[in-house]
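Trainee: As given, the protein sequences belong to chains A and B, one line each in that order.
So that you can map any letter, position 68 of the first sequence is 68 in our numbering, and since no number is skipped, the others follow by simple counting.
Counting the second sequence from 1 gives a position; our numbering is that position plus 1000.
Worth flagging that the hints you see were computed from the coordinates, not collected in a lab.
Fair warning: there could be bad hints in the mix.
[To be verified] Label-pair distances were calculated between CB atoms; the ranges are:
no.: 1; chain 1: B; residue 1: HIS1087; chain 2: A; residue 2: VAL33; range: 47 to 55 Å
no.: 2; chain 1: A; residue 1: GLU44; chain 2: B; residue 2: ASP1045; range: 22 to 30 Å
no.: 3; chain 1: A; residue 1: PHE184; chain 2: B; residue 2: GLU1044; range: 37 to 45 Å
no.: 4; chain 1: A; residue 1: PRO61; chain 2: B; residue 2: ARG1057; range: 23 to 31 Å
All values derive from a computational prediction rather than experimental measurement.
Glycine is no exception: its CB is placed at the ideal position from the N, C-alpha and C atoms.
There are 2 protein chains.
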Amino acid sequence: MKSIYFITGNKGKVAEAENKFSELNIEIIQKDVGYPEIQAINLEDVALYGAEHIQKRISHPFIIEDAGLFIDNLNGFPGVYSSYVYHTIGCRGILRLMENFKDGDRKAVFRSVFAFAISDDKPRLFIGECFGKISVAEKGDHGFGYDPIFIADGKSKTFAQIETSEKNKISHRGKSLDKLIDFFKNI
Amino acid sequence: MKSIYFITGNKGKVAEAENKFSELNIEIIQKDVGYPEIQAINLEDVALYGAEHIQKRISHPFIIEDAGLFIDNLNGFPGVYSSYVYHTIGCRGILRLMENFKDGDRKAVFRSVFAFAISDDKPRLFIGECFGKISVAEKGDHGFGYDPIFIADGKSKTFAQIETSEKNKISHRGKSLDKLIDFFKNI
């Protein structure tokens, strides 16, 4: 395999993947062609449905990625709809929903799922998780989305307060990407 | 047409439709077969995608319905994800997000979309809206979902404080259903 499509509109995701794929001598080609994302409870179902839909149209090997923030004491909200929720009520809305939550009640996990598919084979999923908590205020300018309100376990700063390269080492997406890379190393 | 499938898991919706369809001598048959609901900004896209998916499997005439609550000052949140948001943060979460919103800033609209499809024809959509506002507290026991926090324009009580039959006369779903019935009367 000399190249792989990354079906996404997000250039930041592509850059992060390019970085890791370069060691495999596989070229990442971004394709912003869109695919249906279903309403589901978990990211795996969303990624699987999307990948199977793309397989009908594209025969070249490809990857897609979906991520979300799951807050324990909000029953997993905003979960698979993290992007929509971010663009409507934002970090401020999340903080307001958790205003009276004590430190021990602010647990959350960032999840990322990569799906890899080629021809008619069942898509393979690679899952990465980063456990942590929701901060009491927005802090930092790096990253995007919920980064200003997420503090990974063992850290005192939010994702938005640390350098992207450092974040990628411990982040959900960094981990799922590592699993994907390992898979390619072994085939 | 002697019968029509209503593809839904919700018996309450079926009962409401049966009531109206009886005057047309069309029998409603509930089919709880499921279909993919995509992540989208508006209900029309969700209904259209679902209907076209069902058309590939079912040749009998059918209807589906999707509804949502769109709050002006929350950028349309919870919108097409109303069901998911209800089951995670609930009415309480919505009230908390709007805690400091004054009366004039609490505008919302309930939307309902029916899709009707038969064989390969493009599905037809029927849209109903009910404008109103979000109450400052949960009130009433009737209905379901966000009914305890929605007050229709011109009313002083929430949807959950009025009888279901009265609610159906002014509700979003009552209106979209009326449009659907009118369509059947004229074909």
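Trainee: Take the C-beta atom of HIS1087(B) and the C-beta atom of VAL33(A), compute their distance, and say whether it sits inside 47 to 55 Å.
Mentor: violated, 32 Å
Trainee: With 23 to 31 Å as the target window, see if PRO61(A) and ARG1057(B) comply at their CB atoms.
Mentor: Since PRO61(A) and ARG1057(B) have Cβ atoms about 30 Å apart, the given range 23 to 31 Å holds.
Trainee: Okay, GLU44(A) versus ASP1045(B) on CB: inside 22 to 30 Å?
Mentor: Given a distance of about 23 Å, which is inside 22 to 30 Å, the answer is holds.
Trainee: With 37 to 45 Å as the target window, see if PHE184(A) and GLU1044(B) comply at their CB atoms.
Mentor: holds, 41 Å
The structure shown violates just one earlier hint, number 1.
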